[in-house]
Amino acid sequence: MKRRATTELPRMSTESPEDRFEICDARRSILDRDEHMLIVGGPGSGKTTIALLKARRAVLNSLRPEQKVLFLSFSNSAIRRILESSGNVLSPEVADQVEIKTYHSFAWDILKSHGYLISNQRRLCIIPAQDAAVRSAGIEKSDWEAEQERLFLEEGLVAYDRFAPRASEILLRSSAARSLFCGAYPIILVDEFQDTDDDQWALVKALSEGSTIVALGDREQRIYGWRDGVSEHRLAEFENDLHPFTVDFRNENNRSPATGIAGYARGLLSPETNQDLPADIQQRYFQPPMFDVALRVSLLHTWQQTSKRTSGSSFNVAIAARSKTMVRKISDSLDKQMTIQGILHSPVPHDVLLDQNQIVLAARVISNVLGSSVDAREDRLAQTLARVGDMLRASNKSTNISKSDTLRKWAVKCSDLKPPNTKCVVALQRIFDELDRSGFVGSPTEDWISVRRKFEESDVDELVRTGDFARYLRLLRRGSVIEEQLASLWRSTGTYVGAEEALERAILQDQIASDATEKARISVMNMHQLKGREYDGVLLVEDRHRTFRAHENAPPYADTRRLLQVALTRARSYAAILSQRRYGTLDVLNQ
320 MKRRATTELP RMSTESPEDR FEICDARRSI LDRDEHMLIV GGPGSGKTTI ALLKARRAVL
380 NSLRPEQKVL FLSFSNSAIR RILESSGNVL SPEVADQVEI KTYHSFAWDI LKSHGYLISN
440 QRRLCIIPAQ DAAVRSAGIE KSDWEAEQER LFLEEGLVAY DRFAPRASEI LLRSSAARSL
500 FCGAYPIILV DEFQDTDDDQ WALVKALSEG STIVALGDRE QRIYGWRDGV SEHRLAEFEN
560 DLHPFTVDFR NENNRSPATG IAGYARGLLS PETNQDLPAD IQQRYFQPPM FDVALRVSLL
620 HTWQQTSKRT SGSSFNVAIA ARSKTMVRKI SDSLDKQMTI QGILHSPVPH DVLLDQNQIV
680 LAARVISNVL GSSVDAREDR LAQTLARVGD MLRASNKSTN ISKSDTLRKW AVKCSDLKPP
740 NTKCVVALQR IFDELDRSGF VGSPTEDWIS VRRKFEESDV DELVRTGDFA RYLRLLRRGS
800 VIEEQLASLW RSTGTYVGAE EALERAILQD QIASDATEKA RISVMNMHQL KGREYDGVLL
860 VEDRHRTFRA HENAPPYADT RRLLQVALTR ARSYAAILSQ RRYGTLDVLN Q
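Numbered by the numbering used here, the letters in the sequence shown go through residues 320 to 910 in order.
The hints are simulated quantities; they were obtained by calculation from the structure and are not laboratory data.
Fair warning: this is a prediction, and the values are worked out from it, not measured in the lab.
It is possible that part of the hints are untrue.
What the hints assert, rightly or not - Straight-line distance between alpha carbons at most 25 Å, and here's what the computed BS3-like set of lysine-lysine pairs gives:
1. 737 / 722
2. 850 / 420
3. 420 / 431
4. 742 / 732
5. 387 / 524
6. 655 / 643
7. 722 / 643
8. 387 / 420
9. 722 / 732
10. 648 / 850
Unchecked claim - The calculated label-pair distances, taken between Cβ atoms and stated as ranges, are:
11. 810 / 757: 18 to 24 Å
12. 565 / 666: 48 to 54 Å
13. 731 / 812: 26 to 32 Å
14. 698 / 654: 32 to 38 Å
15. 840 / 565: 37 to 43 Å
16. 335 / 586: 34 to 40 Å
17. 606 / 654: 18 to 24 Å
18. 877 / 739: 51 to 57 Å
19. 464 / 731: 27 to 33 Å
20. 586 / 606: 26 to 32 Å
21. 502 / 564: 20 to 26 Å
22. 824 / 385: 26 to 32 Å
Glycine is no exception: its CB is placed at the ideal position from the N, C-alpha and C atoms.
The task is simple: from the sequences and hints, build the whole structure.
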């Protein structure tokens, strides 16, 4: 299980870290001045490093023992990068007074302590993201907003997308609460500021009345414009409203200074420029029947080229595509054993970073089947049908909502001891019969996989999809918290009763305070998830139907160019692009 985002930061020597960095006049001004600031620069320009050095200065020179510097991250993924960077800057004593949190985590702190000021309930509880997706499916946005208001006021329930607006409402309405948090965090560093939405910006602006805000941003890396409330004018709004001291590092690059990656990626933002690929970026192609082989060969090549360009044996590689469907296709391919030119290649261990709602809800089905072995058959059927229905409903597609309604009706009939003789219910009966005959072995991972495979091998589409989604749960791995909790349940009772509750606790902690640490040296994700991460090597993959262009069909392909620029600059040493022949995005951009 992942550690909290406020995990203790790495230790370092006691020498002054400022002596190890080149402190130019602009950076010296950032360290010396005490006012709102906007630090703008491209990937690898050192924004995070100078921000951490400023945090160090504040802790040593101006903060009282009870005060802290807050480093507020736009996303969970950025936490890992900040934690890694901090090891070169913050000594253990200083690190104790620097908190690195996501907006969600910090806003939840405000809601936990002061939520009673705007709710009728003293104690607030979270509606997990997957449950919010189930509740909101099939209803109008305005109706869901009204329902969220009712849930908050009458039941004290709050969904993740309401954390920031609720927290900012508290700070704006209560000067006492505002003074408390500003007093606790006199300096607040805000990462990836260009991607904040209206609610997150309102939260920061409320805090700016009593705290010094240092915003870090990149004018060229705004890739979340499709999210509600994200404005292309956010950096300008910060300047207009807070009148900060502004520093622009422009095209400085310290992440991959010895490569041509940054220069090429920057050139993508100029549609009139035709560029040759530098030595550190390679384009590869495949014919449709050869995707699996081409992907494996490209990964091997990327691995080898990255190894040549890095010192030491510890390096990592990211594989990314634009669509979730392509991410799953890549992961499925890596899971295969295959023979290439007479050599047997084993499956490739890797992490998969996918949107979690349906994955979590599918995992809830599997954990419920594990934990309900002592229940009556009709109850087990009802529980499973209802949970499979939730998984389908979370997609918010009309056909799935309709199927979910049907499954819920069948669940009610099972609870009334009148299970219908439908194909789905009969298939579930068969699964439970097989599990009852074989029993569980007491190994959480083995038993989990056994249940999941029975769903995958079913001849019923909704059950197969449940097993398929459950394969991507990243929390169940050797040594994880959930695996240990399931093992503890088995040791105590010889059953997995309580498995679903254990899974819910682990997932809730993961959603609130994840630092997005991947365990494997190869990670698969969509290209937007590369934002805020760094890897030694990056392999970008597209095919004819799932290109990097998404819905852009005409020049200048501005969104595609921005996304490729961000994705390529996540690579420290080497980047590769794998495309289906005749449909490569780079070829289209260069026409």
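>> Let me make sure I understand: some of the numbered hints might not hold for this structure. Which ones are they, in numerical order?
In response: none
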